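Turn these sequences into a full structure, and let the hints guide you.
Number of protein chains: 2
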Amino acid sequence: MAEPNPTAGVIIIGNEILSGKTQDTNLQFIGQKLAELGIRLEQAIVIPDIEATIIATVNDYRARYRYVFTTGGIGPTHDDITSACVAKAFGVALVKHPEAVRRLERAYQRAGLSDERMKMAEVPDGASLVDNPISQAPGFQMENVFVLAGIPSVARAMFDSLAPTLQGGPAIIAQSVDGYLAESTLAKQLGTIDEQFPNVEIGCYPFFRNQRFGANVVARGTTASEVHEVIDLVFALMEELGGEPERPD
Amino acid sequence: MAEPNPTAGVIIIGNEILSGKTQDTNLQFIGQKLAELGIRLEQAIVIPDIEATIIATVNDYRARYRYVFTTGGIGPTHDDITSACVAKAFGVALVKHPEAVRRLERAYQRAGLSDERMKMAEVPDGASLVDNPISQAPGFQMENVFVLAGIPSVARAMFDSLAPTLQGGPAIIAQSVDGYLAESTLAKQLGTIDEQFPNVEIGCYPFFRNQRFGANVVARGTTASEVHEVIDLVFALMEELGGEPERPD
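In order, the protein sequences belong to chains G and D. Using numbering that gives the first Met the number 0, the letters of the first sequence map in sequence onto residues 0 to 248. Using numbering that gives the first Met the number 0, the letters of the second sequence map in sequence onto residues 0 to 248.
None of these hints come from the bench; they were simulated from the model. Some clues are possibly wrong.
In this list, chains with the same sequence are indistinguishable; a pair is considered to hold if it fits within one copy or across any two.
What the hints assert, rightly or not - Calculated pairs, DSS-like style, for lysine-lysine (alpha carbon to alpha carbon, straight line, at most 27 Å):
1) 32 to 187
2) 95 to 32
3) 187 to 95
4) 87 to 187
Every value quoted in this text rests on a predicted model; they were computed, and no experiment measured them.
Below, the structure written as structure tokens:
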């Protein structure tokens, strides 16, 4: 890369992901958005709702990455412990955020604001709110850590709210080409192309579609002309090998 | 839990997951299967195709968990570095496994076994093979680390091949109930139920379906009668609160 891209890490909090009950989809969404913003997602981790684990992981990630995003565990029930854990990770108190209280009062005008609902207004001392246009209860930002809901529609809305505040690098451009070829047929010449373009990351992924195996080659980089050149070369290679190449994007 | 369940960790290897290009589905599958086998999936991590990261993560996980499963990066192309990294993590050579060579020879009888294809027969010295009934190129087991393909149909077939060799604990039973109620409406009484059943893990997850918000409560434990009792109590609570409860499973 000509200029370095800022880095990010994602912490997915929730027993339901580890038990296989729930299919996480937030990681893919956040990964795509970060790439568009020119932020390199370096690692993601899925951890259970255990206080010591959440605290240690937040402290590890916030030291290692420019931006950290957590999903899950900010609701009103007994298993929603993320906000309290993030406060402990930063060594600050958990406090009621006045603006969050106002938003919850508006949202629960008719139903009433019980103690459990009020829990959703608690953030680490010093945090700023991340808007939740869907169900009002906000996420929050504490230094470089953004704490988002787990429910995908809300996580996405929160990410879109905070995205303009992130400082990205040059956008990471991805292009790909599919061909009905065994990966192994391409492997040698693809390795040669990879060596010729040190600033382009070239991935080759097998697929199985309509009862046929094929390979999807993806080129990613911050210089569009190089990414296009790689894809043109791979397209030509696949054509030569009889792989009926197609550009899915 | 009356008896402890063996633990597991999953390492998902691949830039394509972090860039958002590919939606991982292997974690959910493995999580479900492990729960059925009575093995507790404690953590999962998504890491890029970077040698030092893969080696460090494999060494960290194999020391911490009874079983480790990796997915991705065992194909024939330049970005498939998992097998070599696992060998380095164990401090052993990468060797051609004679039985893997035979299987690849059969699979590529007509196309021919190039150097790149032969790469798929390489395993850490001392590893045993994990069968791949779909595309032949095997995964492998090195001590407590199982190395699987990334392509979901193959990862699943490999997992099913190795599952009978895992030593599980008491099966982790999960039951759930859905209701059209805000989580916050349930929160207090759910917390009380949670305190009454220390051996049952109770999770509450908001959902948004048919333009309505609701809560899904999941109880997990190794004693079926306790899990059922919790779900009966939550069902009754939801009914009392007008939440139209349903049991999805």
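Hint-by-hint comparison with the structure:
Proximity of residue 32 and residue 187 under a CA criterion of 27 Å is satisfied in neither setting, with 32 Å inside one chain copy and 36 Å between copies. In the homo-oligomer, the alpha carbons of residue 95 and residue 32 never lie at most 27 Å apart, since the shortest distance is 30 Å inside one protomer and 41 Å across protomers. Proximity of residue 187 and residue 95 under a CA criterion of 27 Å is satisfied inter-copy only: 19 Å between copies versus 59 Å inside one chain copy. In this assembly of identical chains, residue 87 and residue 187 lie within 27 Å of each other by CA distance solely across copies; the values are 23 Å between and 51 Å within a copy.
Hints 1, 2 from the list above are not met by this structure, while the remaining hints are.
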